[in-house]
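Enquirer: What follows is the residue order along each chain.
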Amino acid sequence: MSDQLVERGPNLLQIREQLLDLFGAQLGVYILPSGATKPAFWITGGGKGQHRVPPDWKIRGIEAVLQRRPVRQGLGGIGTIIAKRIWSLTFVCYDSTQTLDDIDLLIFRAFPDAQRRPRPATDDTYEQLNVELPDVVTIQPTQLT
Amino acid sequence: MPMVDLRINSALDETFADFAAYLAQSFTAEIREAKWNWPTDPSPRDIVDNGNLAKSLRVDGPETVDSRIEIRFIWEVGYAAPVHDGAVFKRTGSNGQALTMPARPWTRPVLYDRTTLQEYFERRFALAMMRQGDGKEPEEVA
Numbered sequence: 041m042s043d044q045l046v047e048r049g050p051n052l053l054q055i056r057e058q059l060l061d062l063f064g065a066q067l068g069v070y071i072l073p074s075g076a077t078k079p080a081f082w083i084t085g086g087g088k089g090q091h092r093v094p095p096d097w098k099i100r101g102i103e104a105v106l107q108r109r110p111v112r113q114g115l116g117g118i119g120t121i122i123a124k125r126i127w128s129l130t131f132v133c134y135d136s137t138q139t140l141d142d143i144d145l146l147i148f149r150a151f152p153d154a155q156r157r158p159r160p161a162t163d164d165t166y167e168q169l170n171v172e173l174p175d176v177v178t179i180q181p182t183q184l185t
Numbered sequence: 473m474p475m476v477d478l479r480i481n482s483a484l485d486e487t488f489a490d491f492a493a494y495l496a497q498s499f500t501a502e503i504r505e506a507k508w509n510w511p512t513d514p515s516p517r518d519i520v521d522n523g524n525l526a527k528s529l530r531v532d533g534p535e536t537v538d539s540r541i542e543i544r545f546i547w548e549v550g551y552a553a554p555v556h557d558g559a560v561f562k563r564t565g566s567n568g569q570a571l572t573m574p575a576r577p578w579t580r581p582v583l584y585d586r587t588t589l590q591e592y593f594e595r596r597f598a599l600a601m602m603r604q605g606d607g608k609e610p611e612e613v614a
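First to last, the protein sequences are chains A and R. Take the first sequence: its position 70, counting from 1, is numbered 110 in my numbering, and each next residue is one higher. Take the second sequence: its position 19, counting from 1, is numbered 491 in my numbering, and each next residue is one higher.
Derived from the structure by calculation, the hints contain no laboratory data. There's no promise every hint is true.
Some residues of chain R that are not near chain A, with every Cβ distance over 10 angstroms (derived) [what the hints assert, rightly or not]:
(1) 508
(2) 515
(3) 519
(4) 531
(5) 532
(6) 537
(7) 561
(8) 587
(9) 601
Partial list, derived from the structure: chain R residues whose beta carbon lies under 10 angstroms from chain A [to be verified]:
(10) 553
(11) 554
(12) 558
(13) 562
(14) 563
(15) 569
(16) 580
(17) 585
Just so it is clear, CB atoms sit at the ideal spot from N, CA and C, and this is done for glycine as well.
With the hints as extra help, turn the sequences into a complete structure.
Expert: Here it is, written out as structure tokens:
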């Protein structure tokens with residue numbers, strides 16, 4: 041018999057869906073070499089450990105990048121641990137005719153306790169919004185036989 | 473105001489001032505620690521180039537704002553935010569993709585270590601309260 045830790049809370053794909061429901065309409069698109077498009081939402085550290093889209097993809101409009109691994113903070117508990125996860129999410133606006141203001145407001149309305157750090161575009165860099173999204177999960181040992 | 477309230481307030485003032493200095497020191501240590509991955513050797517290494525980022529830290533507070541005690545840590549060089557949160561540049565590399573600077577969020581390891589921060593604060597507050605009690609410097613609590 042051995043113990044395995046099980047985290048009870050939304051998984052990465054569920055979080056992605058939740059976030060796309062919230063601001064998917066604001067996002068731009070990736071244009072793949074084939075000409076196909078997909079929503080500009082990237083999760084880092086996938087199969088090839090990539091931290092950004094492949095170099096032959098083009099980005100139009102606003103891109104969201106979610107760090108695959110959240111930071112976890114223990115909030116207490118005996119046996120079952122209650123933990124806060126903090127997800128790092130970065131938006132970059134590649135289109136000078138758009139802004140990240142609407143996304144900032146959407147995030148604020150949906151997650152009032154999220155930390156938001158907006159940064160305007162400069163001559164050298166695109167407009168960016170860094171967000172740290174908290175959620176609470178439980179982590180409990182499950183005995184395997 | 474009762475004497476005990478005055479002592480608590482005074483001990484809190486002392487503890488927050490101490491806490492601000494402790495956080496400032498911890499942030500600077502994180503900047504100087506060799507822990508960040510780089511595409512070229514040596515890696516990992518620190519994010520110190522000429523030391524101006526670490527030296528630019530200004531601490532405002534502690535001060536009471538809307539019934540909360542606030543301490544603001546401000547790095548006064550213009551590139552502090554792009555270094556901390558990363559940046560995407562408008563110029564492109566040889567492959568046509570925008571150049572990027574990865575995020576090096578040096579405040580996170582300090583602020584996310586709640587246990588260490590809480591223990592430090594409680595220990596310093598206990599010492600400050602003891603000093604308020606009899607006016608004598610207490611022996612260091614382990």
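Enquirer: The structure should be examined with respect to each hint, and the outcome stated for every one.
Expert: Hints, verified against the model:
Remark: the non-interface label on residue 508/R is consistent with the geometry, its nearest Cβ contact in chain A lying 14 angstroms away (cut-off 10 angstroms). Distance check for residue 515/R against chain A: the nearest CB is about 15 angstroms away, which clears 10 angstroms, and the non-interface claim stands. Under the 10 angstroms C-beta cut-off, the non-interface status given to residue 519/R relative to chain A holds; the minimum distance is some 17 angstroms. Every CB of chain A is more than 10 angstroms from the CB of residue 531/R (nearest about 19 angstroms), matching its label as outside the interface.
For residue 532/R, the requirement that its beta carbon stay farther than 10 angstroms from each beta carbon of chain A is met, with the minimum near 18 angstroms. No beta-carbon of chain A comes within 10 angstroms of the beta-carbon of residue 537/R; the shortest separation is about 17 angstroms. Against chain A, the non-interface label of residue 561/R is violated: not every CB pair exceeds 10 angstroms, the least being about 6 angstroms. A Cβ of chain A approaches the Cβ of residue 587/R within 10 angstroms, the least distance being about 8 angstroms, so the stated non-interface status is violated.
The non-interface label for residue 601/R is consistent with chain A: the shortest C-beta to C-beta separation is roughly 25 angstroms, beyond 10 angstroms. The closest approach between the C-beta of residue 553/R and any C-beta of chain A is roughly 6 angstroms, which is under the 10 angstroms cut-off, so the hint is satisfied. Interface restraint check: residue 554/R against chain A, minimum CB-CB distance 6 angstroms, threshold 10 angstroms, status holds. Interface restraint check: residue 558/R against chain A, minimum CB-CB distance 7 angstroms, threshold 10 angstroms, status holds.
Taken as an interface hint, residue 562/R checks out: its beta carbon lies about 6 angstroms from the nearest beta carbon of chain A, inside 10 angstroms. Annotation: residue 563/R was flagged as interfacial toward chain A, and the flag holds, the nearest CB pair being 7 angstroms apart, inside 10 angstroms. The beta carbon of residue 569/R comes within 5 angstroms of a beta carbon in chain A, closer than 10 angstroms, and the hint placing it at the interface holds. The criterion of a C-beta within 10 angstroms of any C-beta in chain A is met by residue 580/R, whose closest approach is roughly 7 angstroms, and the hint holds.
Checking residue 585/R against chain A: minimum C-beta separation of about 9 angstroms stays under 10 angstroms; hint holds.
Violation of the numbered hints given earlier is confined to hints 7 and 8; the remaining hints are satisfied by the structure.
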